[in-house]
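> Each chain, letter by letter, is given below.
Protein chains: 2
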Amino acid sequence: MTIKLHCFGESGNAYKAALALELAGLDWGPVFVDFFNGATRTAAFRALNAMGEVPVMEDGDLVLTQSGVIQDYVIEKTGKLGGASPEARREVWRWVLYDNQKVSGIAGPLRFQMNFLAKDKRDEAVIGFLKGRLASALGVLDTVLADRDWLVGRDVTCADLSCCGYLYYTEPFGFDRNEYPNVDAWLDRIAALPGWKHPYDLMPGRPSDRA
Amino acid sequence: MTIKLHCFGESGNAYKAALALELAGLDWGPVFVDFFNGATRTAAFRALNAMGEVPVMEDGDLVLTQSGVIQDYVIEKTGKLGGASPEARREVWRWVLYDNQKVSGIAGPLRFQMNFLAKDKRDEAVIGFLKGRLASALGVLDTVLADRDWLVGRDVTCADLSCCGYLYYTEPFGFDRNEYPNVDAWLDRIAALPGWKHPYDLMPGRPSDRA
Numbered sequence: 001m002t003i004k005l006h007c008f009g010e011s012g013n014a015y016k017a018a019l020a021l022e023l024a025g026l027d028w029g030p031v032f033v034d035f036f037n038g039a040t041r042t043a044a045f046r047a048l049n050a051m052g053e054v055p056v057m058e059d060g061d062l063v064l065t066q067s068g069v070i071q072d073y074v075i076e077k078t079g080k081l082g083g084a085s086p087e088a089r090r091e092v093w094r095w096v097l098y099d100n101q102k103v104s105g106i107a108g109p110l111r112f113q114m115n116f117l118a119k120d121k122r123d124e125a126v127i128g129f130l131k132g133r134l135a136s137a138l139g140v141l142d143t144v145l146a147d148r149d150w151l152v153g154r155d156v157t158c159a160d161l162s163c164c165g166y167l168y169y170t171e172p173f174g175f176d177r178n179e180y181p182n183v184d185a186w187l188d189r190i191a192a193l194p195g196w197k198h199p200y201d202l203m204p205g206r207p208s209d210r211a
Numbered sequence: 001m002t003i004k005l006h007c008f009g010e011s012g013n014a015y016k017a018a019l020a021l022e023l024a025g026l027d028w029g030p031v032f033v034d035f036f037n038g039a040t041r042t043a044a045f046r047a048l049n050a051m052g053e054v055p056v057m058e059d060g061d062l063v064l065t066q067s068g069v070i071q072d073y074v075i076e077k078t079g080k081l082g083g084a085s086p087e088a089r090r091e092v093w094r095w096v097l098y099d100n101q102k103v104s105g106i107a108g109p110l111r112f113q114m115n116f117l118a119k120d121k122r123d124e125a126v127i128g129f130l131k132g133r134l135a136s137a138l139g140v141l142d143t144v145l146a147d148r149d150w151l152v153g154r155d156v157t158c159a160d161l162s163c164c165g166y167l168y169y170t171e172p173f174g175f176d177r178n179e180y181p182n183v184d185a186w187l188d189r190i191a192a193l194p195g196w197k198h199p200y201d202l203m204p205g206r207p208s209d210r211a
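One line per chain: the protein sequences are A and B, in this order. Mapping of the first sequence onto the UniProt record's numbering: position 186 corresponds to residue 186, and the numbering continues sequentially without gaps. Mapping of the second sequence onto the UniProt record's numbering: position 117 corresponds to residue 117, and the numbering continues sequentially without gaps.
Check before you lean on any hint, since a few could be wrong.
Stated by the list, open to error - Below, in silico cross-link-like pairs of lysine to any residue (SDA-like), each with a Cα-Cα straight-line distance of 25 Å or less:
1. A:Lys-197 - A:Pro-172
2. B:Lys-119 - B:Asp-176
3. A:Lys-131 - B:Phe-112
4. B:Lys-119 - A:Gly-132
5. B:Lys-131 - B:Asn-115
6. B:Lys-80 - A:Glu-76
As the list claims (entries may be wrong) - From the structure, some residues in chain A lie toward chain B, with a derived Cβ separation under 7 Å:
7. Arg-90
8. Arg-94
9. Gly-105
10. Ala-125
11. Phe-129
12. Val-140
These are computed hints drawn from the structure, not numbers from a lab. Even for Gly, the Cβ is constructed at its ideal location relative to N, Cα and C.
Only chain A is shown next, with the shape it has when bound in the complex:
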């Protein structure tokens, strides 16, 4: 493979990069990061990414981190998924930032708290706080998607591939698709794209591996 993506199945942030690489038709493959056994806290991983996070993309000597940066690289390299104009490209960035702060940025920690954190460490007040913030962000998405098929322009872009990062996971994290009908229909549109795969089918590692 040409492009390596350091990732694991449970990471919706890694999924955003993996899905963009896959749907853009690039030759890439995953490198499994054993997050649940502390792989991102090792000196070796910190040397690769001081932020201590997946995804990390390697294309030859080029190393990129942050899913939005990797998505931007995919857009530059392929001309795909970035919108039809410079204005659309900027609008894609707007949604990628919103996602990082308000959608995936909340859904990730919330899903971790509710599913992957030791039960004795979970805190209902924290879970309630995060659920409230996520509901607010999903409400914005549902309102915006009421009159359009895609977040930016007339076709799928990295805006969609960013905001959907955590929304296909079935572990409970306070997201009921029935409560957000426009988000629900939009997720079905993304899932119907040729080559779409669920995060657990696109990247190695899933909860059942640790059962």
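Fit chain B to the supplied structure of chain A, relying on the hints for placement.
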């Protein structure tokens, strides 16, 4: 003024955009958004920004939201604050994304919980959770800044202006500059830049206005 920025002094996210506009030498002025009296929840504001957030920038007919998008516009318009190469520009984006998710994205809600939310609505578990996440992100910044003056390259960029968004506020939010000496020195470097202003001096609105 040419450029209008809808903002208020307590918003570190708005400060990121205001500081970039100011340090790049653009002709701009603030439009006060009365956040604490619900201005961002009005239909009029939602029509301006469906995300219901400041900052919102207006330059003639162009309306941009998300501090990182406005910073990108400042870089495009002035050629300043974006780094010395396309690779540096991408690295700036990497830090802007990290800030939105892990630094300002946590410091903002944490500072709100500890200072602006009604006392009977504050939750110590939530505050503790957010403090832990912020400390982790500030630790990454402190480590990276150990061997460099600026986050990207040899001069200030929007990477610095994004990550510092909430870090000049003196209301308590679990951030003690003495615990992060490299962050402390970096904040002094930014504050020494010609034209730098504290958020309460750059934008209208501060807690004492509501006292």
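> Between the alpha carbons of Lys-197 of chain A and Pro-172 of chain A, is the straight-line distance 25 Å or under?
holds, 20 Å
> Are Val-140 of chain A and chain B close enough, Cβ to Cβ, to be under 7 Å, as the hint says?
Holds - the Cβ of Val-140 of chain A comes within 7 Å of chain B, reaching about 6 Å at its closest.
> Can you confirm whether the C-alpha distance between Lys-119 of chain B and Asp-176 of chain B stays at or below 25 Å?
Roughly 22 Å between the alpha carbons, so the hint for Lys-119 of chain B and Asp-176 of chain B holds.
> Keeping to a limit of 25 Å between CA atoms, is the pair of Lys-131 of chain A and Phe-112 of chain B held or broken?
Holds - the C-alpha atoms of Phe-112 of chain B and Lys-131 of chain A are around 17 Å apart, at most 25 Å.
> For the pair supplied as a hint, Lys-119 of chain B and Gly-132 of chain A, is the alpha-carbon distance within the 25 Å limit?
holds, 18 Å
> Given a cut of 7 Å on the nearest C-beta pair, is the interface hint for Gly-105 of chain A held or broken against chain B?
Since the shortest Cβ distance to chain B is 5 Å, the answer is holds.
> Between Lys-131 of chain B and Asn-115 of chain B, does the CA-CA distance stay at or below 25 Å?
Satisfied, since the Cα-Cα distance of roughly 14 Å is no more than 25 Å.
> Has the given pair, Lys-80 of chain B with Glu-76 of chain A, been kept, meaning a C-alpha gap of at most 25 Å?
Holds. Lys-80 of chain B to Glu-76 of chain A sits at ~22 Å (cutoff 25 Å).
> Holds or violated: the hint that Arg-94 of chain A contacts chain B, with Cβ atoms closer than 7 Å.
holds, 5 Å
> For the hint on Arg-90 of chain A, does the least C-beta distance to chain B fall short of 7 Å?
holds, 6 Å
> Take the shortest C-beta to C-beta distance between Ala-125 of chain A and chain B; is it under 7 Å?
Holds - the Cβ of Ala-125 of chain A comes within 7 Å of chain B, reaching about 4 Å at its closest.
> Would the stated hint for Phe-129 of chain A survive a check requiring a Cβ distance to chain B of less than 7 Å?
For Phe-129 of chain A, the interface hint holds, since the closest Cβ of chain B sits about 4 Å away, which is under 7 Å.
Hint compliance for this structure: every hint is met.
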